[in-house]
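J.: Here's the letter readout for the chains.
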Amino acid sequence: MKIKNVARSARTDMFTYLGVVAAFIIISLLRGGGMLNRSQLGMLVPICCYIVMAVSLNLTVGILGELSLGHAGFMSVGAFTGIITAMSLANVIPSAPVRLAIAIVVGAVFAAIVGFLVGIPVLRLRGDYLAIVTLAFGEILKELITCLIVGADSKGLHIIFNVTGSKTANDLKLLEGGRIIIKGAQGATGTQTIATFTAGFILIMITLLVVQNMVRSRTGRAVMAIRDNRIAAESVGINITKYKLIAFVTSAAMAGAAGALFGLNYSNLAAAKFDFNTSILVLVFVVLGGLGNIWGSIIATVVLYILPEALRSFATYRMLIYAIVLILVMLATNNAQLKTLLGKLVPGRKKEGEENG
Amino acid sequence: MKFLAYLVSGISLGSVYAIIALGYTMVYGIAKMLNFAHGDVIMVGGYISFLAATNLGLPAVVSVLIAMAVCTVLGIVIEGLAYRPLRAAPKLAVLITAIGVSYFLQNSALLIWGANPKSYTPVVSGTLKLFGGQLSVSYVSLLTVAACIVIMIALTLFTGRTKMGKAMRACSEDQGAAQLMGINVNRTISMTFAIGSALAAIAGALLCSFSPTLMPTTGSMPGIKAFTAAVFGGIGSIPGAFLGGILLGVIESLAKGYISTQLSNSIVFAVLIIILLVRPAGLLGKYVPEKV
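Protein sequences appear in the order of chains D and V. The first sequence: position 329 = 329 (the working numbering), numbered continuously. The second sequence: position 64 = 64 (the working numbering), numbered continuously.
Hints in this document: simulated from the structure, not taken from any laboratory. Model, not experiment: these values are computed from the prediction. Just to be clear, a hint being listed does not mean it is correct.
What the hints assert, rightly or not - Here are the simulated lysine-lysine pairs, DSSO-like style, with alpha carbons at most 27 Å apart:
no., chain 1, residue 1, chain 2, residue 2
1, V, K32, V, K91
2, V, K163, V, K286
3, V, K2, V, K256
4, D, K183, D, K242
5, V, K256, D, K273
6, D, K183, D, K155
7, V, K166, V, K286
8, V, K118, D, K273
9, V, K32, V, K166
10, V, K129, V, K2
11, V, K2, D, K167
12, V, K166, V, K91
13, V, K256, D, K183
14, V, K256, D, K167
15, D, K339, V, K91
16, V, K91, D, K242
17, V, K118, V, K256
18, D, K339, V, K166
Assemble the whole structure, with the sequences as input and the hints as a guide.
T.: Below you can see the structure in the form of structure tokens.
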């Protein structure tokens, strides 16, 4: 039984990798053949970013079992540190992919640091209190970034923290040839868009590698033990704070990497983009995909990201339809009668449902 | 004098938060769910009272009463259609449904009333001048504070003295046991949603009297802040929601006045985080240690 289970989980992991690779190849072929229109091409990088966001949030919500409502905050930390890095290195490193990679790593590192600082107080709380505090941190991060004015010139980076709202980009006193990178509430303007779909694909693969290996490792088992029964886990000697922090910081770092890629995909990006609604959007991907189910997060992200775009022909009604679909799906998936009915129709289905649930 | 002015505006804004938080805390206390749609019920209440006052020319009191009636029905319908089927479902499923309801209300409002902000006429106009005109307090502020205190006292009496109130407390403590004692749990929860939504309608009218722009997204930020206020004071506790609301309003107003307008929300949230770290169950909440 045990061997069978291990083999089964390894098989699921394999299928996840293969699925992502296959999707990448198919989309690349379609793109090479000119079968994708402009708006579809524009969706590729954001979808990759949101997949990474969803998988990383799944680590916090599904594997660690703590509800986080501030995941977009880490994304914004990654996005803006990534943009600053890429823009200030523009003259030093001419190769765009190298700059992108450095920006993503820097974004991930900064998001991890912020995640660590946020995680120490937050993870002491439980349940809804933890949720509201992560929400609070998300909003604080957003407002702090809104106050930033950053520019770079030959002397290095110039940063102003605009608390009173009276300072402008002129106060940076940039030398000639310097450029403004972040303009307070307007956010990053004039960013070179160096993000590519291939980079998004590689980032997804790295994220999957990290998360899936972590889940199957000693660390992952400790984290899941904490989720299932905190007191029991503590009594067998698992260091609760340590493992919670590991999961939380890893999740934040990957959100930062996704943010850096996302930020470098748009020439203009305001911090207001990463508000509470973005956190909720990613949470919806995770919950609809299934808690703790990595594969489900990916599918749910792709479907739910494309759905509002596909409904564009209904123009004004599309978000209304989206809301109704959301409610109906939640009602249907949690309907006991429907579940038993499915269990009767498909033999073996019920058992699977129990395992996933 | 400047300090007094900030304090007065803080207390009146805080009273609006407190009214919303009272509704939030009752719903949370009994249904144990984060009702993200609560803020949007406020917005609906604002629109209904706006339409009744502007299009039908009804007096302000009547328009608020109509808004309360509509929101009460809306609250009961939302609970019955969206939340009741999920009573046994995992908490996150209910949360996502609440988010769905919130999107639904916002987008319905967008379709029905359009994206253009409406300018709301305050329910009462005029200001009271104190200290020879140095300090002016609008009548809306006075009305809000009075309404908030009346509502808090009424709710305390209701939950403490009436049979329905007792049923509510019983349900919030242990739904299964309450059911065994012959309490109709579903009806009690419906009743709680009705009260919470009626309070949201009042809050909507008062909120729009302060900042007279009415949009489909008007309710979301006050909704989140009111929830913060409820947690601040200890969620589930009625005096706690009142205290939390007032404190939140005062902190926000002072932060805006003395530190930074841009960072006022951050300061409010930072205070929340510090309070929760020191008192994990909020100011007046009871901390229940886990038993093994």
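J.: State for each hint whether it applies.
T.: A quick look at each hint next to the structure:
no. : hint              : in the structure
1   : V/K32 <-> V/K91   : 9 Å, holds
2   : V/K163 <-> V/K286 : 24 Å, holds
3   : V/K2 <-> V/K256   : 12 Å, holds
4   : D/K183 <-> D/K242 : 38 Å, violated
5   : V/K256 <-> D/K273 : 23 Å, holds
6   : D/K183 <-> D/K155 : 19 Å, holds
7   : V/K166 <-> V/K286 : 19 Å, holds
8   : V/K118 <-> D/K273 : 25 Å, holds
9   : V/K32 <-> V/K166  : 17 Å, holds
10  : V/K129 <-> V/K2   : 14 Å, holds
11  : V/K2 <-> D/K167   : 24 Å, holds
12  : V/K166 <-> V/K91  : 25 Å, holds
13  : V/K256 <-> D/K183 : 22 Å, holds
14  : V/K256 <-> D/K167 : 17 Å, holds
15  : D/K339 <-> V/K91  : 18 Å, holds
16  : V/K91 <-> D/K242  : 26 Å, holds
17  : V/K118 <-> V/K256 : 25 Å, holds
18  : D/K339 <-> V/K166 : 36 Å, violated
Violated hints, in rising order: 4 and 18; the structure is consistent with all others.
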